[in-house]
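Protein chains: 2
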Amino acid sequence: MITGSTHLLAIVGDPIDKARSPESFCRLFELNGHDAIMIPVHVTSANLAAVMTGLKAMRNLDGIVATMPHKVAMAAFADEVLETGRLVGAVNALRRCPDGRWEADMFDGRGFVAGLRAHGHDPVDARVALIGAGGAGSAIAVSLCQAGIAALSVHDLDAAKAARLAATLRTTFPKVDVRAGAPDLATASILINATPIGMQPGDPLPWDLAALRPGTIVGDVTTKPEVTPFVAAARAKGAATVTGRDMYEGQVRELGAFFGYPLEKAA
Amino acid sequence: MITGSTHLLAIVGDPIDKARSPESFCRLFELNGHDAIMIPVHVTSANLAAVMTGLKAMRNLDGIVATMPHKVAMAAFADEVLETGRLVGAVNALRRCPDGRWEADMFDGRGFVAGLRAHGHDPVDARVALIGAGGAGSAIAVSLCQAGIAALSVHDLDAAKAARLAATLRTTFPKVDVRAGAPDLATASILINATPIGMQPGDPLPWDLAALRPGTIVGDVTTKPEVTPFVAAARAKGAATVTGRDMYEGQVRELGAFFGYPLEKAA
Numbered sequence: 001m002i003t004g005s006t007h008l009l010a011i012v013g014d015p016i017d018k019a020r021s022p023e024s025f026c027r028l029f030e031l032n033g034h035d036a037i038m039i040p041v042h043v044t045s046a047n048l049a050a051v052m053t054g055l056k057a058m059r060n061l062d063g064i065v066a067t068m069p070h071k072v073a074m075a076a077f078a079d080e081v082l083e084t085g086r087l088v089g090a091v092n093a094l095r096r097c098p099d100g101r102w103e104a105d106m107f108d109g110r111g112f113v114a115g116l117r118a119h120g121h122d123p124v125d126a127r128v129a130l131i132g133a134g135g136a137g138s139a140i141a142v143s144l145c146q147a148g149i150a151a152l153s154v155h156d157l158d159a160a161k162a163a164r165l166a167a168t169l170r171t172t173f174p175k176v177d178v179r180a181g182a183p184d185l186a187t188a189s190i191l192i193n194a195t196p197i198g199m200q201p202g203d204p205l206p207w208d209l210a211a212l213r214p215g216t217i218v219g220d221v222t223t224k225p226e227v228t229p230f231v232a233a234a235r236a237k238g239a240a241t242v243t244g245r246d247m248y249e250g251q252v253r254e255l256g257a258f259f260g261y262p263l264e265k266a267a
Numbered sequence: 001m002i003t004g005s006t007h008l009l010a011i012v013g014d015p016i017d018k019a020r021s022p023e024s025f026c027r028l029f030e031l032n033g034h035d036a037i038m039i040p041v042h043v044t045s046a047n048l049a050a051v052m053t054g055l056k057a058m059r060n061l062d063g064i065v066a067t068m069p070h071k072v073a074m075a076a077f078a079d080e081v082l083e084t085g086r087l088v089g090a091v092n093a094l095r096r097c098p099d100g101r102w103e104a105d106m107f108d109g110r111g112f113v114a115g116l117r118a119h120g121h122d123p124v125d126a127r128v129a130l131i132g133a134g135g136a137g138s139a140i141a142v143s144l145c146q147a148g149i150a151a152l153s154v155h156d157l158d159a160a161k162a163a164r165l166a167a168t169l170r171t172t173f174p175k176v177d178v179r180a181g182a183p184d185l186a187t188a189s190i191l192i193n194a195t196p197i198g199m200q201p202g203d204p205l206p207w208d209l210a211a212l213r214p215g216t217i218v219g220d221v222t223t224k225p226e227v228t229p230f231v232a233a234a235r236a237k238g239a240a241t242v243t244g245r246d247m248y249e250g251q252v253r254e255l256g257a258f259f260g261y262p263l264e265k266a267a
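First to last, the protein sequences are chains A and B. Quick note: the first sequence uses this note's numbering, first residue 1, plus one each step. Quick note: the second sequence uses this note's numbering, first residue 1, plus one each step.
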């Protein structure tokens, strides 16, 4: 029940009507006893500055989540961008600090790591093969390096893009053995598809899984369908999987903590 | 349940935590099958322009209600102020029109008229004695004149204020016999207290009811307590009453219709 004392969080996007976060957060806020809601805010890029300025001036609003197409533009509305957001070059959440400043960070990759851990997989010392060096891939790569993996290969159809991401990561995470290049299924302990391949019916696999070892954990970022052909093929080979939904649910928990609303109870 | 497709209305005020409208509207929206919520927005006068500009730029937000202290300032954010708002000199609601323009109007008085009607009292041809020519009194006076009363007396401790309101009303509503001056309990068919007298314990009555005729309808604007000493004294004399709560509930229905969310079912 919304009352005059209910606190607000907002998710901004264009479109916004298919966003699942308002429902997910509202359900979890209620379950965990927080008097807060997440409201959907439909805003075009042309109006983003006006809406962000207005949201930040609402004294009972604690934080803002950005979804497409606002993840890159959002950083400009923060007083400080935290480490993950700086490395990824995009943020998807802002919070009001006790002193009134606004901090931003990127949680897409942290959601994947949380999804891994929720399934009992510790990323420490893992050897990760990543397919896709775009926004989702970059965020996942940074969060995995922060989590203490041993090695990372980055593959992208745009080889220069993969090389740029690998170079940035090598500089920031000298202890991780980072290279640009194709996945090596013989050595990877975690294989991740961070491309949209698998969202459309009839999409090919983003990578051939014939050589997949059963002990490899296979991840995907797509939430619709939750079980992509890539996830289904991995499961058929006996691999454990982390789906886009696992990543999304991990991110919801991470965002709740960031905004000051711990979501320990899950439905 | 809030989803990505839920539409927004907002109530802006400072403070906002005691506002009952978010709860009232959310309950009635749900009961009447509207996928909409009213969010509380805490905004200071200094930040009102930023927040209003932001709210108006949200494409899934249909309307804004203003409460204290923003009712006078709100008119500046409308493209057009409708008749009641122009006459009262303040508005408490803005709505987005299909062509993108924003219309504002004042519903405090219309709520009182709706409260009267909900109790079966038709204001047509009534002889009204009004105590208090401030914001609430002005709004009630305008809405009663629009509803077709025959006569209106306006009393205020600030006699010049009462005279100004009476003069404005005479010009706009030449068919209504408007005068500034004390209530005449011998002729009034409706007697209304539109002052805050009765909110504090130990307040005197705003007018002596010794001469009240039992057929007179007695109204009050105070919602806390709902039964003011004035309402209680009127009831003791056998008079029918319209309370601040009746006025508030009447206004909620009127606002729902204004925003395009008819609230025919009431809990």
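Quick caveat, the hints were computed from the structure, so don't treat them as lab data. As the structure is a prediction and not an experimental result, all values here were calculated from the model. A couple of the hints might just be wrong.
Because identical chains cannot be distinguished in the list, a pair is counted as satisfied if it fits within a single copy or across any two copies.
Here are the simulated SDA-like pairs of lysine to any residue, each with C-alpha atoms no more than 25 Å apart in a straight line [unchecked claim]:
| id | residue 1 | residue 2 |
| --- | --- | --- |
| 1 | K265 | E249 |
| 2 | K56 | R20 |
| 3 | K224 | P15 |
| 4 | K265 | A126 |
| 5 | K265 | D208 |
| 6 | K18 | L82 |
| 7 | K224 | S5 |
| 8 | K224 | G4 |
| 9 | K56 | A239 |
| 10 | K161 | H121 |
| 11 | K175 | A186 |
| 12 | K56 | G100 |
| 13 | K18 | A167 |
| 14 | K56 | R96 |
| 15 | K18 | K175 |
| 16 | K18 | D35 |
| 17 | K18 | G238 |
| 18 | K161 | P69 |
| 19 | K265 | P214 |
| 20 | K18 | R59 |
| 21 | K161 | D62 |
| 22 | K224 | T171 |
Problem - Indices of hints not satisfied (ascending) - result: Of the numbered hints, 4, 5, 6, 9, 10, 13, 15, 17, 19, 21 and 22 do not hold.
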